[in-house]
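Asker: The residues making up each chain are set out below.
Protein chains: 2
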Amino acid sequence: MNTLSYAILGLIDKDQLTGYDLTKIFNDCVADFWSAKQSQIYTELKKLVAEELIEFKVVIQGEVLEKKIYSLTPKGKETLLAWMSEEEPPLPQSKDIFKLRLYFSENLSPKQLQEKFENRSKAVFALLLRYQTKLNEYCPETVAPQSAGDYLLLKGAVTSLESQLRWLEESLEFLNKLRK
Amino acid sequence: MNTLSYAILGLIDKDQLTGYDLTKIFNDCVADFWSAKQSQIYTELKKLVAEELIEFKVVIQGEVLEKKIYSLTPKGKETLLAWMSEEEPPLPQSKDIFKLRLYFSENLSPKQLQEKFENRSKAVFALLLRYQTKLNEYCPETVAPQSAGDYLLLKGAVTSLESQLRWLEESLEFLNKLRK
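So the protein sequences, as listed, match chains A and B.
Numbered according to our numbering, the first sequence spans residues 211 to 390.
Numbered according to our numbering, the second sequence spans residues 211 to 390.
Source of the hints: derived by calculation from the structure; they are not laboratory data.
Misleading hints may appear alongside valid ones.
Same chains, same names: a pair is fine if it fits in one copy or spans any two.
[Stated by the list, open to error] Below, in silico cross-link-like pairs of lysine-lysine (DSSO-like), each with a Cα-Cα straight-line distance of 30 Å or less: (1) Lys256 - Lys309; (2) Lys305 - Lys332; (3) Lys287 - Lys234; (4) Lys332 - Lys278; (5) Lys321 - Lys247; (6) Lys305 - Lys287.
The model shown is predicted, which means the values in this text are computed figures rather than measured ones.
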């Protein structure tokens with residue numbers, strides 16, 4: 211079992227879902243801390259059915275369209291719970307080409323460097339707005355226990371992007387001063 | 211050419227290095243934003259020599275030990291510079307099992323959740339100390355232009371880990387209050 215299959219079990223545990231629903235969730239709510247391609251998701255769904263960790267019912271939509279709605283089996287719930295209580299792995303390592311290039315920044319002209327920082331800031335800011343909008347839907351005082359994870363993860367994403375933005379601004383300022 | 215090969219070109223451009231030096235750098239200075247296994251590094255070195263982007267001289271160390279010291283060829287420098295000025299890719303996506311489990315936190319007991327947060331905080335704190343110690347070697351007022359990238363990346367790592375720690379503390383507090 212890979213982590214993606216546990217992620218799928220966890221999502222189906224929250225709610226009965228179709229493969230299409232799952233793909234949407236991976237592109238949206240979960241995108242900050244896990245990613246999966248549509249083809250991977252459908253491959254995993256087949257495996258999880260074969261292993262009797264999930265099951266599906268077929269629902270007819272409109273005239274001819276069939277869709278499979280997946281739910282967890284008791285064995286699937288057990289497997290999810292066992293994975294949930296496993297020990298945490300080491301901190302994840304990220305790969306970031308922007309930072310790699312900054313490490314070699316003596317090879318960039320001030321103009322090139324400025325452009326790279328501006329583009330990065332724009333990208334971070336756009337993502338920050340997206341998460342901030344979602345976070346604004348919550349009122350911290352009335353978060354339901356079953357939404358606590360979602361809420362905290364959104365807060366984490368916003369906090370992290372805000373600190374990245376500040377770092378980008380301060381770094382560019384520092385480099386500009388250094389090169390004067 | 212994959213990103214690892216450009217990373218190797220950039221590092222050899224900074225200084226003439228052996229494969230052993232490179233492995234050490236990947237485990238240390240570069241670890242926050244790129245990772246590579248020793249075997250991958252040696253495979254890339256061979257390819258880069260075959261493509262005439264780097265060359266080496268053999269130096270005898272002690273009685274019998276030979277070591278290869280790599281340096282950039284003019285073609286290698288050109289290739290590095292072309293990559294440096296390429297457009298930035300989209301923001302990197304990270305995969306984080308801790309956050310994935312937090313998303314499914316309704317399946318964890320308060321004690322399990324508390325333990326997960328404490329372990330994560332310990333890991334983040336240990337890494338923060340490591341980067342903070344390195345950052346303390348710099349005096350911001352006298353950073354040399356060729357060290358500006360290193361300095362800013364260390365500062366970025368420290369800023370990010372500090373904001374993660376704050377988020378972990380606040381999140382645990384939030385969850386404890388919610389469950390009372």
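Asker: Does each hint hold? Answer for all of them.
Answerer: Okay, the hints, checked on the actual structure:
With identical chains, the CA atoms of Lys256 and Lys309 are at most 30 Å apart between copies only, with a shortest distance of 25 Å across copies and 39 Å within one. Both within a single protomer and between protomers do Lys305 and Lys332 lie at most 30 Å apart by alpha-carbon distance, with minima of 19 Å and 22 Å respectively. When the C-alpha separation of Lys287 and Lys234 is checked against a cutoff of 30 Å, the pair qualifies only within one copy, where the shortest distance is 22 Å, while the shortest distance between copies is 43 Å. Taking identical chains as interchangeable, the C-alpha atoms of Lys332 and Lys278 are never at most 30 Å apart, the minima being 40 Å within one chain and 43 Å between chains.
For the homomeric pair Lys321 and Lys247, neither the shortest alpha-carbon distance inside one copy (36 Å) nor that between copies (34 Å) is at most 30 Å. In this assembly of identical chains, Lys305 and Lys287 lie within 30 Å of each other by CA distance solely across copies; the values are 23 Å between and 33 Å within a copy.
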